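Visitor: This is what each chain is made of:
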Amino acid sequence: MKRNITILLLLLSTTVFANSIRVGKGQRITSLHKAVEMAQAGDTILLQGGRYKEGNTVINKSLTLLGENNPVLDGENKYEILTVTGSGIVIKGIMFENSGYSSMNDYASISVIDASYVLIENNTIRNAYFAIHVANATTCVVQHNTISGLTKTEQTSGNGIHLWKCDDMLVKDNDVQGHRDGIYFEFVTNSVIQQNNSHNNIRYGLHFMFSNNDSYIDNTFRDNGAGVAVMYSHHVLMQGNHFVHNWGGNAYGLLLKEISDGQILQNKFDNNTVGILMESTNRINVDNNDFGSNGYAIRMAASCNENILQYNAFAGNTFDVATNGTLMLNTLRNNYWDKYDGYDMNKDGYGDVPYHPISMYSMVIEQNPNAAVLMRSFMVTLLDKAEKAIPSLTPENMFDEKPMMKRSSL
Amino acid sequence: MLKISKYVLYDILRNRVVLAYTAFLLLVSLSLFQMEENSSKAVLSLLNIVLIVVPLVSMVFSTIHWYNSYEFIELMLTQPVSRKKVLLSEFAGIGSSLVTAYLVGVGIPVVLYNFDSTGIALLLIGSLLTLVFTSIAFFASIKSRDKARGIGAALLLWFFFALIFDGLLLVILFAFSDYPLEKVIMVLSSFNPIDLGRIYLMLQMDVSALMGYTGATYKDFFGSSAGMIYTFGTLLLWMIVPLLLSLRSFSKKDL
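Residue numbers (our numbering), protein chains in the order written: chain E, 262 to 671; chain S, 988 to 1242.
Okay, chain E solo, but in the shape it has when bound (with noise of 0.2 Å):
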């Protein structure tokens, strides 16, 4: 990534000998349109403070695009605003307001398509369908944007970042709130997601897929429809994200569907449904992750592979791990669970009696879901705790060997 950012510093350095030019109200331009059709490459283009309708505009050139005292480019409902293709592009400080819903096309408020070496940062969308659409593009930055959408429906809102194969990209700092996905990512590689905070989201607030080696880093999930969705990809690490109160009937805070040889590490997954939803997932490391009052911490299918989840801690869930079958082909070693009541004789920190997290009741209720209306019955109780004792229904060798007793911090 310092990569990406040395290449866009240079090319911020270069426009220094360029022309640039003045955009505005009471200036010799007074069109966006004419300047980018004046400007020649490297240019430097300044749109000053002011409300801009001039349907789509198309970059297609090596330049800069600088908003001064908050210009709004508006797209009336009606138009794609900015389609930005080529390369070397900045597109900075300006703020984007209602652009164009078609059921055909993906308007977006900023598309970006067939382009390498593009800077979107410090803008502001409001009221888009697709806020920023990245199609086919190599090493572009986004970061530092705002966008809130409308709350519609799912057909008919757009992704609030959408990128589309692209390869070597970050997305940064952004705030994203009010789209169909926070963000999007299909196709994609070599790329990162960090310190975004994508919230009340109609669908994920990460939807990721066919995507392989990249990595999502100290993003805040809130309020989603569905959390987070990682698909078909594999060799993407998760860490430090933090996924909050994705509740609901179908929510969860992280679903794993069809997802090898990753790591999730050090993330923290509060009042979701389900923390952890994994399903045909292969050799991924779950570590160090912290998982608090969420209904079920870890729902993980039988068809689950190879996975090793430890030194994680498990506290005020309803149910910490579930499953669907008797067959469990995972590892569970040394996390910590306050359900545990097991002792350690010779204080080395760890218990001396293996802990059964999959409790009966939550194997009942997956065979037979009508039984979910007995949850927290006294009798589902001393059933829980019969089966504690004597194992039958559960799946025998899913057990964490050595639980920790005091829980590590973060």
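Calculated directly from the structure, the hints in this document are not laboratory data. On a predicted model such as this, the values are computed, not experimentally measured, just so you know. Worth double-checking, as some hints may not be accurate.
As the list claims (entries may be wrong) - 27 Å max Cα-Cα, derived BS3-like pairs, lysine-lysine:
hint: 1; chain 1: S; residue 1: 1028; chain 2: E; residue 2: 667
hint: 2; chain 1: S; residue 1: 1028; chain 2: E; residue 2: 646
hint: 3; chain 1: E; residue 1: 413; chain 2: S; residue 2: 1206
hint: 4; chain 1: E; residue 1: 286; chain 2: E; residue 2: 353
hint: 5; chain 1: S; residue 1: 1028; chain 2: E; residue 2: 529
hint: 6; chain 1: S; residue 1: 1240; chain 2: S; residue 2: 1072
hint: 7; chain 1: E; residue 1: 413; chain 2: E; residue 2: 314
hint: 8; chain 1: E; residue 1: 646; chain 2: E; residue 2: 667
hint: 9; chain 1: S; residue 1: 993; chain 2: S; residue 2: 1240
hint: 10; chain 1: S; residue 1: 1071; chain 2: S; residue 2: 990
hint: 11; chain 1: E; residue 1: 314; chain 2: E; residue 2: 339
hint: 12; chain 1: S; residue 1: 1028; chain 2: E; residue 2: 600
hint: 13; chain 1: S; residue 1: 993; chain 2: S; residue 2: 1134
hint: 14; chain 1: S; residue 1: 1170; chain 2: S; residue 2: 1206
hint: 15; chain 1: E; residue 1: 663; chain 2: E; residue 2: 608
hint: 16; chain 1: E; residue 1: 663; chain 2: E; residue 2: 600
hint: 17; chain 1: S; residue 1: 1071; chain 2: E; residue 2: 649
hint: 18; chain 1: E; residue 1: 608; chain 2: E; residue 2: 667
Use these hints to put chain S onto chain E, whose structure you have.
Guide: Then chain S, alone, in the frame of chain E:
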């Protein structure tokens, strides 16, 4: 009638069991709220206590009190007061003292730490359950003359509602798992006041999201005002019907 109730209340206050019950509830609720950092979690733990302890205490206390004040009741009936009046004032005395104990023991901590719609629902359901089980205990003790038998019947009834009923429900769920059972279970749960209270409170606490499709159907029903009226109406019926039955049987009874 008020006068008799007053004497019943005096009597209850004198034997201090209700005071101990109040202190116990107060201690448990306060310590739960102190221990849990998240007060809504504490309400969830409190729910378990309310659903087990409150019916048990209401039942056992009412039965024992009935048999212990048998002589007082006989004395009252020699006076020109109707049997109905005597029984109702006994019920009013015991019911009000137990409800007060519950409202002080659980109500004060709830008001202090978690006074929202869930807290209020917990107090309402708890009070109603107290009255329901007092009324069931009355029926059980009027039906059997022998004290040991009466207490045994009361305990058995508690055991049935708290434990056996749910076991039977589970059996039905598995036996007929191929059929859509949501509606059936909803009706069946009305036959157990503890279950009804539990389901209603759980849906208030937003645990319904964990219950998948079943939870969603219940939430639709119990979350609506019709569901609320249904729940409280059924619980009131659970209080009134045993009371009416015991009135009938008491007025015919050869004392």
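Visitor: For each hint, tell me whether it holds in the structure or not.
Guide: Hints, verified against the model:
| no. | hint | result |
| --- | --- | --- |
| 1 | S/1028 x E/667 | holds, 21 Å |
| 2 | S/1028 x E/646 | holds, 21 Å |
| 3 | E/413 x S/1206 | holds, 24 Å |
| 4 | E/286 x E/353 | holds, 19 Å |
| 5 | S/1028 x E/529 | holds, 19 Å |
| 6 | S/1240 x S/1072 | holds, 15 Å |
| 7 | E/413 x E/314 | holds, 24 Å |
| 8 | E/646 x E/667 | holds, 23 Å |
| 9 | S/993 x S/1240 | holds, 25 Å |
| 10 | S/1071 x S/990 | holds, 14 Å |
| 11 | E/314 x E/339 | holds, 11 Å |
| 12 | S/1028 x E/600 | holds, 15 Å |
| 13 | S/993 x S/1134 | holds, 24 Å |
| 14 | S/1170 x S/1206 | holds, 12 Å |
| 15 | E/663 x E/608 | holds, 12 Å |
| 16 | E/663 x E/600 | holds, 14 Å |
| 17 | S/1071 x E/649 | violated, 51 Å |
| 18 | E/608 x E/667 | holds, 11 Å |
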